[in-house]
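Enquirer: Chain residues, written in single-letter form:
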Amino acid sequence: MLEYSEPVAKLIDEFKRLPGVGHKSAQRLAFYILRRPEAEVENFIEALREVKEKIVFCDVCNNLTDVNPCMYCASPTRDRSMICVVEEPYNLVAIEKTRSYKGLYHILHGSLSPIRGVGPDELMLANLIPRLMPQNNEGIDVQEIIVATNPTTEGEATANYIARLLKPLGVRVTRIAMGMPVGADLEFVDEVTMDKAMTNRHDI
Amino acid sequence: MLLESLDAQNFRNLEGKLYCGKNLNIIFGENGQGKTNWLEAIYLLATTKSFKTVRLQEAIRFGEELAIVRGSIQQSAEIRRNMQVALQGNTKTLAINNKKETIHRYLGELHTIVFNSDELEIVRGGAEARRKFLDGGIVSIYPPFVQTLADYNRVIRQKNSLLQSAQENGFSVEKTAELLEPWNEQLIALAARIYKARIRYVERLQEVLEKKLFGKEEVSIRYVSTLEGKGDLSDYAALLEERLKLRVQAELASGHSLIGTHRDDLDILFDGHDLRKYGSSGQQRSALLIIQLATLSVYHLQNHEYPLFLLDDIDAELDYRRIGQLLEFLSGKTQTFITTSKESFVERFGAGAEIFTIENGAVKTL
Ligand SMILES: [Zn+2]
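Residue numbers (this note's numbering), protein chains in the order written: chain A, 291 to 494; chain B, 10 to 375.
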């Protein structure tokens with residue numbers, strides 16, 4: 291038996307598909323929607339439709355974009371000799387905010403995790419290797435692949451997999467450094483971070 | 010560190026306050042009166058966990074909403090801190106000096122070592138209890154080791170999941186080996202760190218082990234790697250890498266990670282005999298005490314202070330001669346809390362000790 295009338299139950303079920311939304315939250319969201327004015331809900335529906343219609347994966351780097359290739363891949367000012375590999379589009383946004391990286395990106399949309407059924411074939415990796423050929427990169431040789439996956443066991447496994455994959459091609463593969471958050475007082479850095487930072491120390 | 014006083018509200022059946030002695034504290038009472046609950050309260054204050062249950066809400070007195078355990082800790086001549094654990098439903102709130110603290114900040118203020126019948130798993134149970142004993146000891150002197158263990162366990166879980174799906178999908182040994190590589194590479198690095206840390210910790214325990222504390226029988230310990238006899242252990246990472254390569258087929262067939270530090274063990278020998286198989290219950294208790302005393306000493310060498318030592322029902326299977334030898338060893342070292350239901354125990358060891366008589370959870374005033 292359904293707890294609610296069919297349309298409500300259906301909406302709750304759809305909300306429950308969203309990541310991090312359990313039954314209780316799904317109910318709250320559904321009843322929130324039911325209480326909103328019609329016009330507001332229309333806007334919401336329109337936003338959902340628009341994002342699905344207009345946003346596509348960039349054929350080159352897998353970024354989510356409304357132009358294909360995306361603004362980074364199409365830009366004449368980016369350094370085409372470097373590709374930074376990240377797990378998610380929001381990781382790209384975080385790196386862009388630094389304004390210190392001018393190269394290209396490649397987005398995997400995930401990391402290796404057998405527990406969640408994610409193997410190499412589930413990552414958007416297949417289109418990375420062709421990018422290393424100059425004829426696919428406006429005639430420019432890719433000199434370095436920077437692997438900026440998360441410092442988790444899954445991110446490390448992914449980095450490791452990519453390094454093995456690219457090794458026979460002779461391209462330089464680097465891993466971003468892990469350690470202390472800058473601007474943080476040493477006192478407030480937890481022991482684990484401090485330990486990693488000490489292990490990864492370098493000459494100055 | 011010194012626990013000066015302890016009080017509890019709505020925590021099990023406890024009432025009132027203990028003003029603790031610097032050395033030996035005897036918590037005396039008939040069974041079922043709440044002696045062990047006081048030890049549990051100290052343990053909760055130190056670790057924010059219970060040694061009796063994983064569901065802490067069970068410890069809130071029936072019909073009450075909020076349980077509080079509070080302690081005053083003397084950290085040094087000048088520094089006193091009030092620690093508090095509050096339980097409400099299944100939420101736990103921690104505070105130091107009446108200010109809310111994260112668990113990360115809270116832990117580390119007060120350390121305890123517990124001797125009770127559950128801890129006997131170390132000497133008579135499976136290898137897991139002994140690995141936990143070693144790892145806990147290492148974390149107490151080197152806290153970042155927690156992350157190494159967590160990462161290692163995560164890698165093992167991922168690897169097991171991979172092996173199971175490879176089995177279900179009928180993958181070849183070659184394909185499985187290739188998929189395993191990114192996980193095995195991390196496994197090797199983490200296992201090498203765990204192996205090194207455990208070997209070093211066992212060496213430190215051996216250096217301070219009071220082998221013959223209780224008489225002529227000698228207690229000895231030895232770390233046993235599953236890679237023993239398979240090659241040169243002095244380069245553990247290289248040996249593990251080699252073994253992992255050789256065993257892909259076996260791991261695929263079993264669907265589990267078969268090699269690594271999660272399979273290692275600690276041998277505890279009593280006069281050269283395996284304590285698990287041949288030890289009497291009294292010998293097992295003696296051996297457990299001897300290795301726990303060694304963890305106290307290693308902790309002291311590292312941190313220049315002793316953890317609190319909590320002993321539950323120690324007189325159940327340990328004779329007074331041994332208890333006397335134990336208390337003599339601890340005297341002037343640890344702040345010790347012992348529960349007993351025997352008046353003869355109080356008569357024999359009560360001189361110079363703080364004695365609390367517990368009735369219905371409360372300290373009986375004489
Ligand atoms: Zn792109």
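Derived from the structure by calculation, the hints contain no laboratory data. Bear in mind the structure is a predicted one, so any value in this text is a computation, not a measurement. Treat the hints with care, since some could be wrong.
[As the list claims (entries may be wrong)] Result set (EDC-like, lysine to aspartate or glutamate): computed pairs, CA atoms no more than 16 Å apart in a straight line: (1) K61/B with D127/B; (2) K342/A with E328/A; (3) K457/A with E190/B; (4) K486/A with E326/B; (5) K184/B with D349/A.
[As the list claims (entries may be wrong)] Computed spacing ranges between beta-carbons, pair by pair: (6) L292/A with E67/B: 42 to 52 Å; (7) L75/B with S295/A: 47 to 57 Å; (8) V182/B with E434/A: 44 to 54 Å; (9) M414/A with V182/B: 42 to 52 Å; (10) N162/B with M468/A: 11 to 21 Å.
[What the hints assert, rightly or not] To give a feel for the contact side, a few chain A residues facing chain B, derived at Cβ under 8 Å: (11) P404; (12) D411; (13) P424; (14) N426; (15) T443; (16) A447; (17) N450; (18) Y451; (19) R454; (20) L456; (21) D480.
Heads up, the beta-carbon is just placed ideally off N, CA and C, and yes, glycines get one too.
Enquirer: State for each hint whether it applies.
Expert: Right, here's what the structure says about each hint:
1. The suggested pairing of K61/B with D127/B holds, with an alpha-carbon distance near 9 Å, which does not exceed 16 Å.
2. Between K342/A and E328/A, the direct Cα distance comes to roughly 21 Å. Violation of the 16 Å bound is thereby established for this hinted pair.
3. Restraint check for K457/A and E190/B: the C-alpha separation of about 14 Å stays at or below 16 Å, so the hint holds.
4. Straight-line distance between C-alpha atoms of K486/A and E326/B comes to about 46 Å, which puts the hinted pair past the 16 Å bound.
5. Between the alpha carbons of K184/B and D349/A the distance comes to roughly 28 Å, so the proposed pair goes past 16 Å and is violated.
6. Roughly 36 Å separates the CB atoms of L292/A and E67/B, a value that falls outside the hinted 42 to 52 Å.
7. Hint check: L75/B to S295/A, Cβ distance near 41 Å, so the stated range 47 to 57 Å is violated.
8. Checked against the given bound of 44 to 54 Å, the beta carbons of V182/B and E434/A, roughly 34 Å apart, lie outside it.
9. Between M414/A and V182/B the beta carbons are some 28 Å apart, a value that contradicts the proposed interval 42 to 52 Å.
10. The hint said 11 to 21 Å for the Cβ distance between N162/B and M468/A, and at roughly 20 Å that hint holds.
11. For the restraint placing P404/A at the interface with chain B, the shortest Cβ-Cβ distance is roughly 4 Å, inside the 8 Å limit, so the hint holds.
12. Taking 8 Å as the C-beta cut-off, the interface hint given for D411/A is violated, the closest approach to chain B being about 10 Å.
13. Because the beta carbon of P424/A sits about 29 Å from the nearest beta carbon in chain B, more than 8 Å, this interface hint is broken.
14. Evaluation of the N426/A hint against chain B yields a violated restraint, the C-beta minimum of about 26 Å exceeding 8 Å.
15. A cut of 8 Å between beta carbons decides the hint on T443/A: the least distance to chain B is about 5 Å, and the hint holds.
16. The beta carbon of A447/A comes within 4 Å of a beta carbon in chain B, closer than 8 Å, and the hint placing it at the interface holds.
17. Annotation: interface hint on N450/A holds; nearest CB of chain B at approximately 4 Å, less than 8 Å.
18. Using the Cβ-Cβ criterion of 8 Å, the hint placing Y451/A at the interface with chain B is satisfied: the shortest such distance is roughly 4 Å.
19. Below 8 Å, beta-carbon pairs count as interface contacts, and R454/A has one with chain B at about 6 Å; its hint therefore holds.
20. Hint status for L456/A: violated, given a least beta-carbon distance of 13 Å to chain B, over 8 Å.
21. The interface hint given for D480/A is met, as the beta carbon of that residue sits about 6 Å from the closest beta carbon of chain B, less than 8 Å.
The structure shown violates the earlier hints numbered 2, 4, 5, 6, 7, 8, 9, 12, 13, 14, 20.
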